[in-house]
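Line by line, the protein sequences give chains F and U. Oh and the first sequence: position 65 is 65 in the working numbering, straight run, nothing missing. Oh and the second sequence: position 159 is 159 in the working numbering, straight run, nothing missing.
By construction, these hints were calculated from the structure, which means they are not laboratory data. Careful, some of the hints might be misleading.
Below, a list of computed lysine-lysine pairs in the DSBU-like style, where the Cα atoms sit at most 30 Å apart [what the hints assert, rightly or not]: (1) U/Lys-133 to U/Lys-107; (2) F/Lys-87 to U/Lys-215; (3) F/Lys-87 to U/Lys-104; (4) U/Lys-107 to U/Lys-122; (5) F/Lys-87 to F/Lys-189; (6) U/Lys-122 to U/Lys-133; (7) F/Lys-87 to U/Lys-107; (8) U/Lys-122 to U/Lys-104; (9) F/Lys-189 to F/Lys-216; (10) U/Lys-104 to F/Lys-216; (11) U/Lys-104 to F/Lys-20; (12) U/Lys-133 to U/Lys-104; (13) U/Lys-122 to F/Lys-87.
If you want the building blocks of each chain, they are given just below.
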Amino acid sequence: MMHVYWMETRTELLKFARMKSYALSTILYPLMFYCFFGLAMAPQNSTAPMARYLIATYGAFAIMGSTLYAFGAGIAVERGLGWLEVKRASPMPTGAYFFAKGAVAVAFGSTVILLLFALGATFGHVRMAPVQWVLTFIGLVAGVVPFGLLGLTIGNLAGPNSAPATVNMIYMPLAFCGGLWIPFNFLPKAVQQLAPLLPSYHLGQIALAVQNTPGKGSIGGHVAALGAFGLIFLGTAWLAQSRGREKMYG
Amino acid sequence: MPVAMLQNVAKTYGAVTALRGIDLTIEPGELLAVLGPNGAGKTTAVRILLGLTAPTSGRAELFGHPPSSHPAKLRRGAMLQVARVPETLRVCEHIELFSSYYPKPLKLEETVAAAGLGGVEKRLFGDLSGGQKQRLLFALAICGNPDLLFLDEPTVGLDVAARRGLWTHIRGFVERGGSVLLTTHYLDEADALADRIAVIDQGRIIAQGTPAEIKQRGASAGLEDAFLSLVRQNASSIEEVLQ
Chain F
1 MMHVYWMETR TELLKFARMK SYALSTILYP LMFYCFFGLA MAPQNSTAPM ARYLIATYGA
61 FAIMGSTLYA FGAGIAVERG LGWLEVKRAS PMPTGAYFFA KGAVAVAFGS TVILLLFALG
121 ATFGHVRMAP VQWVLTFIGL VAGVVPFGLL GLTIGNLAGP NSAPATVNMI YMPLAFCGGL
181 WIPFNFLPKA VQQLAPLLPS YHLGQIALAV QNTPGKGSIG GHVAALGAFG LIFLGTAWLA
241 QSRGREKMYG
Chain U
1 MPVAMLQNVA KTYGAVTALR GIDLTIEPGE LLAVLGPNGA GKTTAVRILL GLTAPTSGRA
61 ELFGHPPSSH PAKLRRGAML QVARVPETLR VCEHIELFSS YYPKPLKLEE TVAAAGLGGV
121 EKRLFGDLSG GQKQRLLFAL AICGNPDLLF LDEPTVGLDV AARRGLWTHI RGFVERGGSV
181 LLTTHYLDEA DALADRIAVI DQGRIIAQGT PAEIKQRGAS AGLEDAFLSL VRQNASSIEE
241 VLQ
């Protein structure tokens, strides 16, 4: 049983690592944006919290990306083009399929987060206690759960050809409006009011709270909000997949 | 005891009726070809036997188990019509993964030989020819050493040489004692491979028997003419009922 989970995970990692579009968009985007906005554009005498703030929010951006592409685009393509049927007809344990996708999201997401940490510590003058680095990392990587469920919803609703574009259309606005690209206080007032309705905002706030960077609300509140989002996404994904299964065949 | 059975199975998708009550059995060691025009209900019958969709009414069983149960899945393999297989995996990686789903799979070399993939094990799926791609799907269906194989239009879009190549490997599986359900709309394919043919049209089985019996019933020396005459008879009898 363990062997199947390992084989599924290994194969999935190889599959995504060789897919240039996935590797590039999940690794390059967050690092590039962090270099532009977090390092190059930061005011000369910027206070330490600014660089730290952006480490947390670009980390959230990174894990969101690796998760939404692996689950959303990955499942939409495999479902829409018949591959998922082949898997479902085989004795593959259903859990192994989702576990492997989650492992891919964690592997790519945490690689990017560690690279961001290295950039921030070297060029962004980010200084934190070791335990804060570790907790920031854990808080961010745990984001794979709610966003994996959002990806599952997208994967069950989007068509195979439009799925990558659909993921981008959800991913980018979520990142901007959730205060992941530029600090929350610099966002327009209307967007600031909208932000608490977005899961991206809550994940960013959890990472900020872990670092004692001034944020909003309590960790418990943000975790509860993400839990609620997760349940809604799970329900939507379930409805979508039971509807999709009764498609017409000759 | 048959290895697979459909008993009075009907299936409707909303307002569309795909199957109108069909009975079908597959005996151990035989190759049954389900022959019919596009949209006749062949794929629906296969999907029900694979547990991918539930019949609206009637009963489906594999080896005495429900088709979607794990014991049923362990004893069958399936080659389905699929528009895109993950292209960034090597042939051997695909086979090793599917082999890991089964308790007693064939060895990698055995699967590769039985599907005629020798020499391309290390190639990425995306770099294979059309015939090699279909043979990889065949390899994934047989790697678990199943007793029953489902082949849903396995040679669509292949050139003559590639079709003949796949036929050889299908025959090899039957010679080793396996049973096969093959759906096809190529009559020569059914004629060349099948022990028994079930002709399906508009959701009903309109004729069943050996290739020779089907030709006789269709009052023709060639299977193609027999098939057309059977389908036409079916259409006119439906019209009579409607009038």
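Checked hints:
1. Only pairs whose Cα atoms come within 30 Å are accepted, and U/Lys-133 paired with U/Lys-107 is accepted, the gap being roughly 20 Å.
2. Between F/Lys-87 and U/Lys-215 the CA atoms are separated by roughly 38 Å; this puts the pair beyond 30 Å, and the hint is violated.
3. At most 30 Å may separate the alpha-carbon atoms for a hinted pair to count; F/Lys-87 and U/Lys-104 meet this at roughly 18 Å.
4. A hinted pair counts as satisfied when its Cα atoms are at most 30 Å apart, and U/Lys-107 with U/Lys-122 qualifies at roughly 16 Å.
5. With a C-alpha separation of about 48 Å, the suggested pair F/Lys-87 and F/Lys-189 falls outside the 30 Å cut-off, and the hint is violated.
6. For the suggested pair U/Lys-122 and U/Lys-133, the alpha carbons sit about 13 Å apart, so the restraint of at most 30 Å is met.
7. Using a Cα cut-off of 30 Å, the hinted pair F/Lys-87 and U/Lys-107 holds, with the two alpha carbons roughly 20 Å apart.
8. Between U/Lys-122 and U/Lys-104 the alpha-carbon distance is near 23 Å, which keeps this suggested pair within the 30 Å criterion.
9. Between F/Lys-189 and F/Lys-216, the direct Cα distance comes to roughly 15 Å. Compliance with the 30 Å bound is thereby established for this hinted pair.
10. With a CA separation close to 56 Å, the supplied pair U/Lys-104 and F/Lys-216 exceeds the 30 Å bound.
11. Pair hint U/Lys-104 plus F/Lys-20 does not hold up; C-alpha atoms about 35 Å apart against a cutoff of 30 Å.
12. Among the hinted pairs, U/Lys-133 with U/Lys-104 is consistent with the structure: their alpha-carbon atoms are about 24 Å apart, no more than 30 Å.
13. Restraint check for U/Lys-122 and F/Lys-87: satisfied, since their Cα atoms lie roughly 22 Å apart, inside the 30 Å limit.
Of the numbered hints given earlier, the model fails hints 2, 5, 10, 11; all others are met.
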